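4 protein chains.
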Amino acid sequence: MLRTIGLITGGGDAPGLNAVIRAVVKTAVGEYGLRVVGIEDSFEGLIGEPRARPLTPADVRGLLPRGGTILGTRNRGRFVERLESGAHQPKAIYNEAVENLRRLGIDALIVLGGEGTLTTASEFDRLGIPVIGVPKTIDNDLAATEMTFGFMTALDISTEALDRLHTTAESHDRVMILEVMGRHAGWIALHSGISGGADVILIPEIPFSMRKIADKVFEREGCGSQFSIIVVAEGAKEVEGVEHYQDMGDDERAPRLGGIGQHVAQEVGRLTGKEARCVVLGHLQRGGSPNAFDRMLATNFGSAAVRAMMRGQRGVMVALHAANIRTVPLAEAIAKRKTVPADSQLIRTARDIGVSFATPDEDEYHKHETC
Amino acid sequence: MLRTIGLITGGGDAPGLNAVIRAVVKTAVGEYGLRVVGIEDSFEGLIGEPRARPLTPADVRGLLPRGGTILGTRNRGRFVERLESGAHQPKAIYNEAVENLRRLGIDALIVLGGEGTLTTASEFDRLGIPVIGVPKTIDNDLAATEMTFGFMTALDISTEALDRLHTTAESHDRVMILEVMGRHAGWIALHSGISGGADVILIPEIPFSMRKIADKVFEREGCGSQFSIIVVAEGAKEVEGVEHYQDMGDDERAPRLGGIGQHVAQEVGRLTGKEARCVVLGHLQRGGSPNAFDRMLATNFGSAAVRAMMRGQRGVMVALHAANIRTVPLAEAIAKRKTVPADSQLIRTARDIGVSFATPDEDEYHKHETC
Amino acid sequence: MLRTIGLITGGGDAPGLNAVIRAVVKTAVGEYGLRVVGIEDSFEGLIGEPRARPLTPADVRGLLPRGGTILGTRNRGRFVERLESGAHQPKAIYNEAVENLRRLGIDALIVLGGEGTLTTASEFDRLGIPVIGVPKTIDNDLAATEMTFGFMTALDISTEALDRLHTTAESHDRVMILEVMGRHAGWIALHSGISGGADVILIPEIPFSMRKIADKVFEREGCGSQFSIIVVAEGAKEVEGVEHYQDMGDDERAPRLGGIGQHVAQEVGRLTGKEARCVVLGHLQRGGSPNAFDRMLATNFGSAAVRAMMRGQRGVMVALHAANIRTVPLAEAIAKRKTVPADSQLIRTARDIGVSFATPDEDEYHKHETC
Amino acid sequence: MLRTIGLITGGGDAPGLNAVIRAVVKTAVGEYGLRVVGIEDSFEGLIGEPRARPLTPADVRGLLPRGGTILGTRNRGRFVERLESGAHQPKAIYNEAVENLRRLGIDALIVLGGEGTLTTASEFDRLGIPVIGVPKTIDNDLAATEMTFGFMTALDISTEALDRLHTTAESHDRVMILEVMGRHAGWIALHSGISGGADVILIPEIPFSMRKIADKVFEREGCGSQFSIIVVAEGAKEVEGVEHYQDMGDDERAPRLGGIGQHVAQEVGRLTGKEARCVVLGHLQRGGSPNAFDRMLATNFGSAAVRAMMRGQRGVMVALHAANIRTVPLAEAIAKRKTVPADSQLIRTARDIGVSFATPDEDEYHKHETC
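Chains as they are written, first to last, in my numbering: chain A, 213 to 583; chain B, 213 to 583; chain C, 213 to 583; chain D, 213 to 583.
Because the hints were derived from the structure by calculation, they are not lab data. It should be emphasised that the depicted structure is a prediction, and the values quoted were computed from it without experimental measurement. Hints should not be assumed to be uniformly reliable.
If chains are identical, the list can't say which one is meant, so a pair holds when it fits in one copy or spans any two.
No farther apart than 35 Å at their CA atoms in a straight line, the calculated lysine-lysine pairs in the DSBU-like style are these [unchecked claim]:
no. : residue 1 : residue 2
1   : K550      : K449
2   : K303      : K550
3   : K579      : K449
4   : K550      : K579
5   : K486      : K303
6   : K548      : K486
7   : K424      : K548
8   : K548      : K449
9   : K449      : K486
10  : K449      : K424
11  : K579      : K424
12  : K548      : K303
13  : K550      : K424
14  : K424      : K486
15  : K486      : K579
Using the sequences and the hints given, assemble the complete structure.
This is the structure:
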């Protein structure tokens with residue numbers, strides 16, 4: 213019988229984690245009379261002497277608007293390091309963790325995380341601890357769910373940054389480049405580029421030509437606009453194949469200095485003779501209070517996760533589809549990353565309103581505008 | 213052959229109208245080489261001497277972050293008044309407008325509006341002017357689309373208002389009531405109530421008992437919380453049947469003084485002996501710069517509307533479904549209002565986390581929490 | 213010898229109270245090794261069985277961005293009611309409170325409040341409990357200090373509200389009225405009117421003529437602007453002497469329905485034939501997270517109050533003058549309210565940029581502009 | 213006789229420039245019946261064929277909330293380059309500019325700028341063109357004025373960034389470093405460090421010891437706080453004398469990659485064994501819409517500058533002192549930079565609440581706190 217739920221938050225910080233925690237606790241305790249135990253620092257809290265604490269409704273009071281996670285999180289942490297070090301048998305490591313879960317009286321787990329964290333979580337499910345996953349990826353790159361919490365807040369921040377850069381770009385006749393997150397998927401760059409009125413959007417899925425960026429800048433000058441705004445995802449690559457992203461581990465997203473944004477600034481400055489400046493948004497995209505939508509989605513995910521558990525589901529992840537929460541098998545959720553399809557509507561819309569992706573065939577788009 | 217698109221914005225102001233205008237113009241002119249003519253003040257601009265002006269890409273520069281509509285709008289305006297006055301034959305009124313469209317060289321219309329505006333628009337379609345509709349309702353109450361632009365921005369504003377009221381409520385041991393929009397559909401109250409951590413949510417779809425609100429306030433006192441937060445949609449009604457909303461015309465949403473919010477404040481104050489205060493958000497919900505999501509959705513809608521027209525579609529409305537834009541027949545779009553279903557997931561989630569809807573059977577929910 | 217400081221917050225909520233509490237505790241405990249005891253609910257916590265609790269640095273962690281006061285506050289509360297009821301001798305009431313302070317081991321008081329609260333505080337000082345005051349008035353109407361915390365945040369909120377109303381006013385050709393706080397002093401209306409680009413500003417210090425408002429609306433129409441924005445302080449009065457503000461007790465500021473804003477809307481609508489709508493900001497102005505300046509000022513006030521106490525000062529209030537904190541006698545601080553002088557620079561600036569105060573002699577100002 | 217005012221904006225972008233332009237135009241045209249001519253791109257618009265345009269009230273409509281300057285600006289630009297190149301006589305360059313002013317019919321200049329721009333401006337005054345200066349420095353480092361517009365907005369942005377970094381720092385047990393502007397003066401770092409709850413603040417005026425930063429991080433760990441927040445001004449220097457700032461020209465403030473922030477991150481990470489991450493705010497601090505205070509101050513400065521001119525003043529700068537605008541001689545305004553005095557109240561307050569400046573003698577401060 214299900215009496216105690218363990219709660220784990222893993223991977224990078226995202227606005228809404230605390231809102232999920234609050235909803236899980238309120239639903240589990242208030243609606244179903246269960247206990248909730250929070251594990252600290254992702255799976256790391258299950259190594260050695262377990263680090264965990266009971267979570268009551270009083271503990272989650274005031275948590276809704278607060279960013280971050282009161283449980284702490286790790287991008288990889290010692291649990292993953294151990295698994296990968298080869299010094300220990302994976303089986304032994306998992307067994308120790310499962311043993312700790314039992315010591316804590318935990319009957320089932322709700323795990324908040326992205327691809328990496330949920331992969332680990334599904335292992336626990338396989339080992340007999342029922343798991344319900346809650347998707348967490350600021351990049352919104354999980355195929356199994358339309359949307360993840362935190363993404364909208366990240367868009368608000370990136371869009372506001374673009375608004376700010378606009379005035380400086382225009383006042384100084386500059387090219388301003390904003391580097392945003394997105395190593396493999398360009399959703400943040402694409403969405404905020406559209407919302408922030410960018411002239412050029414560079415994403416990992418569409419290799420770009422530096423020359424075509426310069427062409428766009430010149431085209432705008434021809435129309436009397438002496439400035440241009442470029443959004444570049446950290447994982448964007450030039451057509452020629454030079455990759456400016458150095459891999460930093462599976463879930464790590466430091467604000468990389470000397471990354472693609474700065475490279476674009478230098479090259480575009482050189483090619484156009486204009487002042488070009490780069491700002492790297494970095495961690496500003498993933499911290500802080502979630503916006504209204506993210507609080508709602510996080511709450512809905514958290515509450516739905518408990519309900520799924522009470523219905524006897526396991527090895528599934530809650531997901532958003534057509535404005536409803538449903539569940540999908542964890543295995544499926546992990547298997548497929550959602551990248552921006554070349555033929556997506558948003559790409560089409562962006563091109564139609566004159567945004568350039570700086571592809572070699574860029575001239576074929578939006579050609580009627582005569583300023 | 214399609215050469216000139218007429219553009220009309222009708223109904224109440226909503227954040228994102230200008231972003232749609234911008235996307236229509238950029239797409240129509242830049243991608244397809246069309247002309248765009250903006251009609252002023254909704255259909256009113258088609259009465260008598262037409263009021264309209266060409267819209268070029270230069271005219272829509274800088275429009276993305278700006279709230280409102282540069283074309284002006286009317287809630288009902290003289291066009292509808294004429295139709296309803298009975299002094300003129302409807303047919304004559306429409307013929308005059310169609311004649312004006314022809315004088316302006318307009319081959320087809322893109323019309324932004326809610327149920328009322330789109331009903332008028334579909335009449336033009338019937339009269340031979342191809343029409344593509346773009347849904348606009350701050351209440352998000354059109355069944356044919358998952359989401360309309362402006363709604364998310366309204367949620368941000370309501371949620372921020374709730375955050376602000378929280379601190380005052382808590383510091384003064386008060387009951388604070390926020391009255392938000394929603395005459396027939398409680399989406400704004402429901403969503404922002406969840407996002408803003410309300411204790412009680414009152415919506416038109418679920419008649420409430422004043423006594424049950426007081427019970428919730430007392431329950432919270434029993435748990436040591438001397439304050440409570442209530443969100444009430446302007447169209448919420450008591451179970452007993454007393455309706456505090458006086459109808460003010462089809463699309464009008466003045467911040468009603470002496471409305472339901474103030475009534476709740478008075479009665480709850482009386483029943484609980486606590487200080488109770490009401491704030492009516494009113495027009496603050498519908499003006500101002502759209503947030504990132506609304507800018508993106510508005511842009512996508514505007515651009516997709518032009519593409520639909522170029523594909524030869526007519527008598528349809530662009531709509532969001534499962535993260536994609538599709539088209540639905542205008543007739544269908546108008547026919548069905550989207551209200552909050554009693555068995556919706558969000559209602560369930562709200563109850564599960566302890567939110568009260570103050571229904572007579574309220575005691576049956578969330579009963580395990582012991583503070 | 214000073215060992216324990218009592219801390220009291222009184223009067224209406226204002227953004228920054230918690231920031232002051234945090235600074236007092238951190239400075240007193242960390243820098244001077246003192247104890248701090250927080251009294252609950254203003255002076256009410258000193259009636260009967262005292263309600264108070266020690267405050268340590270751990271207790272004030274995370275408090276800086278949080279609005280409100282963790283100590284609770286009262287506008288008047290039972291302490292003042294008792295004093296005014298006449299049922300008890302004031303002396304007896306104060307003696308009971310002083311006795312409670314001694315029982316709590318409190319050697320001196322830091323009191324945060326406005327005119328009313330500080331008047332009570334100075335009585336304690338007279339009775340032998342050294343008091344340092346910290347000014348708190350969202351209206352910024354204390355003559356002894358250039359600025360109080362909370363005021364800037366209120367301006368941000370009012371200004372953002374005006375930005376939002378602008379787009380709706382412009383799209384609908386309306387007159388939009390925003391009613392803000394300010395019963396006796398029009399600082400919020402004046403400042404936010406200038407910051408929000410209002411066309412007409414109505415403040416208690418300058419009686420207005422309804423007819424002159426209408427003239428301004430017509431003047432704007434003559435220049436092609438079909439909309440106007442009006443900011444009105446709740447205490448504004450017509451020249452003719454009709455006062456629309458009903459007094460609600462000394463420190464109470466409920467968002468009054470049926471107040472001056474609505475009256476202006478009705479009359480201006482009637483006089484101009486235009487749609488006129490009113491929004492009453494009410495409590496939204498005083499809750500929520502303080503902005504950067506208010507956090508800084510609150511922190512500086514709190515810390516300076518402790519330092520003043522350690523220097524042996526008493527019966528004084530910390531105050532801002534020329535970018536520095538200094539102290540002024542409490543008696544002086546209470547004695548004089550700061551209203552907007554008719555010849556103030558801001559009034560002059562407002563008139564010079566074309567803002568109307570709707571005075572009978574309004575035509576004499578800003579007369580060269582020909583649109 | 214004064215009939216036409218020339219208007220120039222120079223130096224880096226700052227929120228509020230457009231608000232000053234609007235106030236100057238509205239006051240000069242509307243109140244005094246003057247003409248205003250805007251010179252483009254700072255003094256560059258006076259080289260060769262002058263680039264300038266008349267500014268009417270219609271031209272400045274809607275400008276109040278917009279960041280940047282519609283006149284364009286230059287940090288140094290071709291005017292300064294020419295002066296410094298030595299290829300031309302300074303006298304010849306100025307004469308050409310003065311000649312251009314005469315051709316444009318300009319009788320006097322209002323110049324918005326910082327030290328550099330105002331130095332150039334005072335030269336024009338010496339050459340017989342009456343000049344009124346308006347101070348503009350995002351760093352707030354002009355001694356002659358208490359405050360400059362743009363500074364408060366920059367503080368809001370930095371403080372919000374710190375709020376966001378807090379949640380990530382806490383969730384990941386990290387040291388987060390925010391690098392803000394301030395090459396010679398640490399006002400932004402000091403103010404926003406206090407407002408954003410930083411643990412360590414590093415400013416140019418107070419050389420720091422890397423070791424002492426690490427000590428603070430350890431001290432916090434000892435109290436159970438596994439994270440720390442550091443704000444560093446771009447011009448901060450280590451005690452040992454290693455300067456990480458490479459001069460980039462007089463008024464240039466690119467978001468420097470590989471600057472002091474990253475250096476601190478690396479070293480503190482190394483010394484403490486903790487994850488340390490740096491975000492460089494860069495241009496985000498100086499673009500975008502001004503906050504309420506900055507709009508008010510900018511409007512007041514602009515309007516007061518015209519009034520000063522009408523009073524016959526020249527060679528002066530408007531300045532804020534004790535909540536009033538006054539004028540100071542340009543020579544005096546340029547002569548003295550306002551840096552943070554070691555004995556300033558804010559430094560004292562910061563230390564008193566436990567902020568470390570990482571000086572070698574740091575242990576002497578705030579020593580009583582025992583967590």
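Okay, the hints, checked on the actual structure:
In this homomeric assembly, K550 and K449 come within 35 Å of each other (Cα to Cα) only inside a single copy, at 18 Å, whereas the closest approach across copies is 44 Å. For the identical chains of this complex, K303 and K550 are intra-copy neighbours only, at 31 Å inside a copy versus 52 Å across copies, given an alpha-carbon limit of 35 Å. In this assembly of identical chains, the alpha carbons of K579 and K449 lie at most 35 Å apart only when taken from the same copy (25 Å versus 52 Å across copies). Taking identical chains as interchangeable, the C-alpha atoms of K550 and K579 lie at most 35 Å apart only when both belong to the same chain, with a minimum of 30 Å there against 40 Å between chains.
Proximity of K486 to K303 under the C-alpha cut-off of 35 Å is restricted to the inter-copy arrangement: shortest distance 29 Å between copies versus 58 Å within a copy. In this assembly of identical chains, K548 and K486 lie within 35 Å of each other by CA distance solely across copies; the values are 33 Å between and 41 Å within a copy. Taking the shortest alpha-carbon separations for K424 and K548, only the intra-copy value of 32 Å comes in at or below 35 Å, while the best inter-copy value is 47 Å. Within a single copy, K548 and K449 get their C-alpha atoms as close as 22 Å, which meets the 35 Å cut-off; across copies the closest is 47 Å, which misses it.
For the homomeric pair K449 and K486, the shortest alpha-carbon distances inside one copy (22 Å) and between copies (31 Å) are both at most 35 Å. In the homo-oligomer, the alpha carbons of K449 and K424 lie at most 35 Å apart inside one protomer (13 Å), although the nearest pairing across protomers, at 41 Å, exceeds that limit. Proximity of K579 to K424 under the C-alpha cut-off of 35 Å is restricted to the intra-copy arrangement: shortest distance 14 Å within a copy versus 53 Å between copies. Taking the shortest alpha-carbon separations for K548 and K303, only the intra-copy value of 26 Å comes in at or below 35 Å, while the best inter-copy value is 56 Å.
In this assembly of identical chains, K550 and K424 lie within 35 Å of each other by CA distance solely inside one copy; the values are 27 Å within and 46 Å between copies. When the C-alpha separation of K424 and K486 is checked against a cutoff of 35 Å, the pair qualifies only within one copy, where the shortest distance is 15 Å, while the shortest distance between copies is 42 Å. Taking the closest pair of Cα atoms, K486 and K579 come within 35 Å of each other only inside a single copy of the chain (24 Å); across copies the shortest separation is 45 Å, beyond that limit.
Consistency with the previously given hints is maintained throughout, with no hint failing.
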